[in-house]
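**Student:** Below, each chain spelled out in residue letters.
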Amino acid sequence: VAATARLIIRNPSGLHARPAALFVRTAAGFAAEITVRNLTRAGAAADAKSIIGVLGLGVGSGNLIEVSANGPDAERAIDAIVELVDGGIGEAAEAG
Amino acid sequence: MSLDEATHAAVAQLDAIAERLRSLGREGEAAILEAQSLMALDPMLLQGAQDEIEAGRSPGDAIRDASERAAATLEAIPDPVLAARAADIRDVGSRIARLIAGHRLALPDRPSIAICQDLPPSVTAEIPEGLLLGVALVGGSATSHAAILARSLGIPAVVGIDGLTRLLAAGQGPVAATAALDGGTGDLVIDPADDEIDWWAERSAQAESSPRPIKTGPVATLDGRPIAILANIGRPEEARAALDAGADGVGLFRSEFLFLGRLRPPTEDEQVVAYRDVLERFGRHRPVVIRLADIGGDKDVPYLGLPAEDNPFLGVRAVRLAVDSPDLLVVQVRAIMRAATAAGVTANIMAPMVATLEDVDLLEAIVGQARRELPAGADARLRLGVMIEVPSAVLLIRELAARVAFVSIGTNDLTQYLFAADRTNARLARYQQATHPAVLRAIAAVVDGAHGSGIQVAVCGELAGDPAGARLLAGLGVDELSMGYRSIGPVAEALSTVTMGELATAARAALDEPC
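First to last, the protein sequences are chains A and B.
Residue numbering for the first sequence follows my numbering, beginning at 20 and increasing consecutively.
Residue numbering for the second sequence follows my numbering, beginning at 4 and increasing consecutively.
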């Protein structure tokens, strides 16, 4: 099973400090292989379960990312990540 | 310990430190330690280390190498936040390597001054409360983690001390029984002699017993002439300290931090975030003046592709860059206006290095273009002001004042340009006299011309932050003084204990002082 989603990151400092950690912890909760690309900056995809990989994408506020999952729980993984990003990744009050 | 055992031990340590910080209410630091705990289990980092172990390296070397490579990758991205995360990765790598080797860090067991290459975040957090009296670093910068932490704990920190390298080569552990550190002057003395200890003890007691004056409300002279006291800031992080010091606003928000030390110019969105944060903190009643980027000249900005100049202080910098690269300033003005709209405040924009009325034409064209390109509903109220730091601007003050909403005198550059003496050249230091009658007469002329057009005059150079200098400037009729936040209390006290009449008399005398 494969699933994918494109999302705009609206957190003021992007996927940098705490939001990056929450993003990675969420991805790590699934068996599927999950990769993420920063479509705004272009460049290689990173392992969504690697905090170093996700930080290395340099996702700033307003950047568009693409998350792809492959594996038995791929769809549930993508749903969870979409929900996380839509909810402001723990920074709801400041997002948007 | 094997790599696997060491990573799990590191996670346990980091989680425990994070937990303790959280229970102490140090939420921000706790979040950093939690991110470090995630790094210790990072599949990329561990795979990199595993590959090296299979290639024959020792586990300790392998994890250090792998973390160094990961950190270097992050540092290649021009973003100050990621540079801090790179330090976190190195910190984690060192912790795992120490666990593998069975090394324990010698943490202080009595009140101590930490003397080190750098003090990594997780190590700082492990030092028990109250045992860290000061920090002296060989490396680091004023914005490094250790320096920021030291400020938040209210302990002195001195960074970039070259002379310490040999001392540290001896290895870890106590380097001396006694040391003294002055965060104000940057002095560090190792093993001071007995009489020196007495002197330091006296100095320290003095500093603690004489409370620094605090500004608590609006400042006026004894006879009621109000003088606004604002802060100069160079980064959004300084906004809070400026507010705590009682600043009536920000008279100079330098925007260079967004433009320097990176390979690409900042995006408009990135700028909006940085400006909006400060504008919102200060709110409607404490104006924030944002200065357009004063880059070029002696400051290296790779993405502008500027040729080296023989005479950078007289070269293509600040508003002069706009002739060839107008986009840079158009984007910045647009970002400031969007931030001001979002924060519900007036945008106060100040242009540096204005020398002619044509420079004002250029600025107005830039503002006009920025306004046209704004998204609907983002058209903020805007006040445009100019810095007075080039002698021609002093002589053109009447015409300039008729065109702009405010002026702010940069006494450091004005002094350098009036005396034609490079202020970075130590052999010309005798010309850097901001209280010389030549400079004071220029300031008086600016006040006269600006008040004639009904606009206010601010001073944002170092002279404004010196209590005696502030008195002189107030006596010359300057309406607003902007300074580093540490000077706000002392300057507020200096101005609220005299009358305007006394200040004016003293200023007149200084204008005519034999020179």
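Be careful, since some hints might not be right.
Simulated restraints, written as ranges between beta carbons of each label pair [said to hold, decoys possible]:
1) B/Asp68 with A/Ile27: 50 to 56 Å
2) A/Val101 with B/Arg265: 42 to 48 Å
3) B/Thr188 with A/Arg25: 31 to 37 Å
4) A/Ala63 with B/Gly308: 37 to 43 Å
5) B/Leu108 with A/Ala63: 34 to 40 Å
6) B/Ser5 with A/Arg25: 28 to 34 Å
7) A/Arg25 with B/Ala75: 28 to 34 Å
If you are wondering where the hints come from, they were derived from the structure by calculation, not from laboratory data.
Since we're looking at a predicted model, the values are computed, not measured.
Yeah, the Cβ is synthetic: ideal placement off N, Cα and C, and Gly gets one too.
**Student:** Hint by hint, note whether the structure agrees.
**Tutor:** So, going through the hints one by one against the coordinates:
The hint said 50 to 56 Å for the Cβ distance between B/Asp68 and A/Ile27, and at roughly 36 Å that hint is violated. Separation of A/Val101 from B/Arg265 is about 32 Å and departs from the stated range, judged on CB atoms against 42 to 48 Å. Checked against the hint of 31 to 37 Å, the C-beta distance between B/Thr188 and A/Arg25 comes to roughly 55 Å, which is inconsistent with it. Checked against the hint of 37 to 43 Å, the pair A/Ala63 and B/Gly308 fails, with Cβ atoms roughly 27 Å apart.
Judged by the Cβ atoms, the range 34 to 40 Å given for B/Leu108 and A/Ala63 holds: they are separated by roughly 36 Å. Checking the proposed 28 to 34 Å range against B/Ser5 and A/Arg25 shows it is violated: the Cβ atoms sit about 41 Å from each other. Against the hinted window of 28 to 34 Å, the Cβ-Cβ separation of A/Arg25 and B/Ala75 comes to about 30 Å, which satisfies the hint.
Comparing the model with each earlier hint shows violations of hints 1, 2, 3, 4 and 6; every other hint is respected.
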